[in-house]
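**Student:** Given next are the chains, with one letter for each unit.
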Amino acid sequence: MKRIISMPYLLFSAVFIVVPLLMVAYFAFTDGDGNFTMQYVANVAQYTNIFIRSVWLAAVATVVCIIIAYPVAMILSRIDVSYQSTVLMIVMLPMWMNFLLRTYAWMTILGNNGLINSFLGLFGLGPYRLLNTQGAVILGMVYDYLPFMILPVYNVIVKIDKSIIDAAHDLGCSSFKTVVKIVMPLSLPGVMSGITMVFVPAISTFIISRMLGGGGNLLIGDLIEMQFLGNSYNPNLGAAMSLVLMVIVLLIMVILNQFDDDVDSVLM
Amino acid sequence: MKKLSKLYLALVMLFLYAPIFVLIVFSFNTTKSHTILSGFTFDWYIRLFNNRLIMSSLLNTIIVAVAASVCSTILGTAAAIGINNMKKLPRTVVMNVTNMPIINPEIVTGVSLMLLFVFFAARMHFEFGYVTLILAHITFDVPYVILNIMPKFRQMDPNLYEAAQDLGCGPVSAFFKAVLPEIMPGVVSGFLMAFTFSLDDFVVSYFTSGTTQTLPITIYSMTRRKISPEINALSTIIFIVVVVVIVTKNLIERRNLRRRGVIK
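Chains A and B supply the protein sequences, listed in that same order. Count along the first sequence from 1, then add 18; that gives the number in our numbering. Count along the second sequence from 1, then add 675; that gives the number in our numbering.
Since the hints were made in silico from the structure, they are not lab data. Treat the hints loosely; a few may be bogus.
Cβ-Cβ distance ranges computed for the label pairs, FRET-style [claimed, not checked]:
#1 Ile912/B to Phe141/A: 48 to 54 Å
#2 Val33/A to Leu712/B: 52 to 58 Å
#3 Leu269/A to Val768/B: 17 to 23 Å
#4 Thr48/A to Leu679/B: 33 to 39 Å
Every residue gets a Cβ at the ideal spot worked out from N, C-alpha and C, and that includes glycine.
Isolated chain A (complex conformation) (with noise of 0.2 Å):
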């Protein structure tokens, strides 16, 4: 078999992944008129306070991910064999649908009409401001990218060898110190690719921001959704931007493989 028979996906990939590429960096760093300029880089720092916000309700959000994600990934793991496919097949179902669905579902439901202020209002409380609220953004990251923690965090515990558990259960450990010292590091491997799959679409999203964090909680994504099809329309400050988050995302990747490396060395 010809290498050759790849040439055709290698020059696409040239075209359509890495020039377009080397086209944000060209646009970050030249003005409208193509000379090399600094300035829209720098003044990404104008905006400083919208990627804090981006990093920690994304980073708030694939906490709360991994809270609720874990145990779900242990029950799963430890339920009867023939229903496990089943169950997990009932968890994920919800990540097949539409995420913009999702995210309106949820509009209908923390409005000032919605459901629960109507609930509540049966008891004459609120209505309280729920929709256009951080915490609306952080549950709607919550509520979309749960299952892409749940997955992996799974798909790792399922494979843990059963004797390493036995084992230490004959050596005196407790149930809860067995988790503790055994499932946890060994699970690592699933939360750190679980951390990618839930932090990256959480700190470039628009949608959920939009949807229902209104007008006041801005993130990244919606500057440079701005920038290219909103009313500030300027490519050159959006590359700007979108540079700057793709060094964010890799950062934190770099950072969780080192995890990573460390969580192999150790077991090996």
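Got chain A sorted already, so can you dock chain B onto it with the hints?
**Tutor:** Quick look at chain B alone, frame taken from chain A:
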């Protein structure tokens, strides 16, 4: 402990399904209210099917998804074969490039492709539409096809291709008769993954579609205007389709496992 974990699982399921359930219930409501059920009706479904924009964007979505997933399956299968035969260094470079659209935030992929298409549209006189959408979709689809096929080569006997040729196959028929059946499960799952991602994609399409609307883009513009039970009706239909497809897939898998005696 058993009861506690069942309760916990039930609570998480409630969290995951309650919003979808609410969407479905209010798709049958006679008024636009999302809080008070005033009566049962199919009106919103009838309106949905009479909504030209939704129907045309559904058609667009299917056209783009079919074209993109077929192209990326062919392109990706060929690519996987070639990459599999590369030396270590070029192979690492190509795989790193291939991983880019997966690792990168979707919005960056969308924006970068938009810049590319704007650049060429100005010089080559074409407009944003089917072509840009399909090219963009292939860009994020191909990596998944390649990643689904690559492990199949590792499971395959590396001498199979030569053996088929020794037994009288030409290079082409050796591929189709000996190699392709071995990697077929990867090709199929890659194709299905590409197809689903294309159907579902909003972010990349949003930046590369111009005025050609796909279903997710139409849904987005509907939610921007106001809450309308037509979206609920659409959600209900999509949910039913998802349930039918996933349950069928699961039943087939279970039957296969049962045949092999993995489960009872």
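**Student:** Against each hint, give a clear statement of whether it holds in the structure.
**Tutor:** We went through each hint and held it up to the structure:
no., hint, verdict
1, Ile912/B to Phe141/A: 48 to 54 Å, "36 Å, violated"
2, Val33/A to Leu712/B: 52 to 58 Å, "54 Å, holds"
3, Leu269/A to Val768/B: 17 to 23 Å, "22 Å, holds"
4, Thr48/A to Leu679/B: 33 to 39 Å, "60 Å, violated"
Checked against the numbered hints given earlier, this structure breaks hints 1 and 4; the rest are met.
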